[in-house]
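Going line by line, the protein sequences match chains A and B. Using my numbering, the first residue of the first sequence is number 1, and each one after it goes up by one. Using my numbering, the first residue of the second sequence is number 409, and each one after it goes up by one.
Read the hints as simulated data drawn from the structure, not as lab findings. We put the CB at the ideal spot given by N, CA and C, even for glycine. Careful, some of the hints might be misleading.
Okay, derived cross-link-like pairs now, DMTMM-like style, lysine to aspartate or glutamate, Cα gap no bigger than 25 Å in a straight line [unchecked claim]:
hint, chain 1, residue 1, chain 2, residue 2
1, A, Lys46, B, Asp541
2, A, Lys215, B, Asp545
3, A, Lys399, A, Glu379
4, A, Lys404, A, Glu366
5, A, Lys158, B, Asp543
6, A, Lys220, B, Asp543
7, B, Lys516, A, Asp7
8, A, Lys380, A, Glu352
9, A, Lys172, B, Asp466
10, A, Lys158, A, Asp7
11, A, Lys24, B, Asp466
12, B, Lys516, A, Asp6
13, A, Lys49, B, Asp543
14, A, Lys49, B, Asp541
Reference listing, derived: stretches of chain B covered by chain A, where coverage requires no fewer than 3 residues with Cβ under 8 Å from a Cβ of chain A [said to hold, decoys possible]:
hint, region
15, 427-436
16, 462-472
17, 484-494
18, 504-511
19, 538-544
Single-letter residue listing:
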Amino acid sequence: MNVSRDDFVIAIRSAFLKKGNKQKFSLLSLIILSIVVLFLSNLDSKITKMTRSGVNEFIYRGSFVLSAPEKIFKNLNSKVKTHFGLYSNTKKIEKELKEFKSKKISLDILEFENQKLREQLDDYLISTEVIYSKIIIDNKSQYLRSFVINKGSRDGIKTGMVVLDQQYLVGKVIEVNFGTSRVLLMSDINSNIPITISPGNLLAIATGTGQNQAKVNFLKKIHFDKITNDSLVYTSGTGGLIKSGVPIGKIVNFDPKVDEDINIEFFSDFSQLQYVSVTAFNKISEIETEESLQKNKILLDGPALRSKFELLIQEKEINDQITNKIKIENENLKNQLSKIQVDLINKEKIIETQNQKINSHKIDNEELNFLRLNLEYGEKCRKKAFLKKGYKTGSPEYKNCVLKKGRL
Amino acid sequence: MSYLRENSFLKKIFQLLPIVVLFIAVFNEFDANYLGIPFLSFNFAFILIFFWTLKKIDDFGYGLIFCAGIINDVVTGAPIGLSSFCYMLICVATSYFRSITLRPNITKDWIFFLITISCVNSIYYIILSYFFDVDIDYRFLLTNNFATFLIFFLFYFIFDIYYKKFFGKSDV
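So that you can see chain A by itself, here it is in the shape it has in the complex:
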């Protein structure tokens, strides 16, 4: 027993301490070093931050270069699929574009109204600066859903900034280096975003699943009947980090009888992302205050005034659009009215001629009837040489007599 225990101790000691011919470090020293690195990397001191940032920067660039061939191979599959579905996709997109164009003007008006109402409620957030960036590393780790972008602190990126793909929410910045940043995707299980589900205006939290979906949390079962498949999910704005109304996705495969999990399918395909925009949302009043303090009340160049000016320009544009729309409608109505009037006159003429025809037809009928009766009863009504009875042919009395079938 003692011998086997001794063997075990010797084997363990050898494993930790023995170095090979070319080995410079023992395993024990490297294990201790890794624990030290683990602790140091999570310290919040300036030196560790700078070192970490430098290491990250170097490795991200290296990974970007080394993963280029693998990326080409990965993209090949999606490119082939896209190529074969090109025609049908184009047709579909053309159809959708037509629909969207028609909806655009009314949406602009609604957006403007919404903006005005939110300003009144002091809840209107605007993006202060939009930074466009390229994704340099997009390795889908099984444990952390994130990617690295080519913009960092030198470009004005800060931790917590929101990342968008077009208009759709993708995630937020969790780590900032000098020239690169890491973005945590909404699909990661550590991601929690306050959301609103429409219709029903239900407030909840969207939590990532680690796959390509998120699920709805903190929603009472009594609201389940208000949720249907294809219900829209967008940010609620709770917390003030992200403005409300940023689209996220839609509810899919929801059947409360089978499963009470509510899954959200994202509008943006995270696997196909190449470029994203990074932005922060602030209230106009906050921006005004900051800018006025910073720029010593320089009125004409203040971003607050500029943003107001931009808002006014937008308002004017929308008003112009409305005016143009009304003008066009007015012209159309005028044309329609004149057409209708012409039609009316033509139709009146037609009616008149038809009436004349009807009347003449009536007269003809009466004449025919008289002639027919005249043949039958004319003899009775005609005045004869030796009788007092009868009337002179052609006189109104004669006609009357014929029509009364010979009764004098």
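Chain A is fixed; fit chain B onto it per the hints.
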């Protein structure tokens, strides 16, 4: 093939290839799952480290494995030093296994690999969850663990052929 073995420059390149592959794997976070099939991913770095440290080749140094771990942490976004720690634990396991094994065979290696990666993944999960408050879906970890275990068998044969060609007969 004998030409390759005689040419010292090419021989050196082939001897360095395992460590180069390890660095490429950690830089790319290689898992060969291009089709996005769920639960198919495996930890290629674990297989490489386990096999080549078990064979104890000189060019596959612990210091380089440590650096590969640091790179892996930066690329995946995990706390820096965690993968290095896990890789070192694998090295400890292989070192111990090598010293207690007299007649190595693939079955023993395979079973020991499963025990090793299960322990290492558990430690990884515990450290991330309890010390760094990072949530991980343990189902992914389990399936990844199992897939890595299964695929090890295939890579064992490939690496063994390579080892016999460029490093001589196994000393395990």
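Going through the hints against the structure:
Of the supplied pair hints, the one linking A/Lys46 and B/Asp541 holds, its CA atoms being roughly 23 Å apart against a limit of 25 Å. For a cut-off of 25 Å, the pair hint linking A/Lys215 to B/Asp545 stands: about 14 Å separates their Cα positions. Pair hint A/Lys399 plus A/Glu379 holds up; C-alpha atoms about 12 Å apart against a cutoff of 25 Å. Distance restraint check for A/Lys404 and A/Glu366: the Cα-Cα separation of roughly 13 Å lies within the 25 Å cut-off, and the hinted pair is therefore satisfied.
Restraint check for A/Lys158 and B/Asp543: the C-alpha separation of about 23 Å stays at or below 25 Å, so the hint holds. For the proposed pair A/Lys220 and B/Asp543, the alpha carbon gap of about 24 Å is at most 25 Å, so the pair holds. At roughly 19 Å between alpha-carbon atoms, B/Lys516 and A/Asp7 fall within 25 Å of each other, so this suggested pair holds. A hinted pair counts as satisfied when its Cα atoms are at most 25 Å apart, and A/Lys380 with A/Glu352 does not qualify at roughly 41 Å.
Between A/Lys172 and B/Asp466 the CA atoms are separated by roughly 44 Å; this puts the pair beyond 25 Å, and the hint is violated. Annotation: proposed proximity of A/Lys158 to A/Asp7 is violated, straight-line Cα distance about 55 Å (limit 25 Å). For the hint linking A/Lys24 to B/Asp466, the alpha-carbon distance of about 11 Å falls within 25 Å, and the restraint holds. Restraint check for B/Lys516 and A/Asp6: the C-alpha separation of about 23 Å stays at or below 25 Å, so the hint holds.
Under the criterion of a C-alpha separation no larger than 25 Å, the hint pairing A/Lys49 with B/Asp543 is consistent with the structure, at around 23 Å. Restraint check for A/Lys49 and B/Asp541: the C-alpha separation of about 20 Å stays at or below 25 Å, so the hint holds. Given as covered by chain A, the region 427-436 of chain B passes the check, having 3 residues with a CB less than 8 Å from a CB of that chain where 3 are the minimum. Given as covered by chain A, the region 462-472 of chain B passes the check, having 6 residues with a CB less than 8 Å from a CB of that chain where 3 are the minimum.
Closer than 8 Å: that is the beta-carbon criterion, and the region 484-494 of chain B has 9 residues meeting it against chain A, so the requirement of 3 holds. Evaluation of the coverage hint for the region 504-511 of chain B: fulfilled, as 3 residues show C-beta separations to chain A shorter than 8 Å, against a requirement of three. Only residues whose beta carbon comes within less than 8 Å of a beta carbon in chain A count, and the region 538-544 of chain B has 4; three or more means the coverage holds.
The structure is inconsistent with the numbered hints 8, 9, 10, although it conforms to all the rest.
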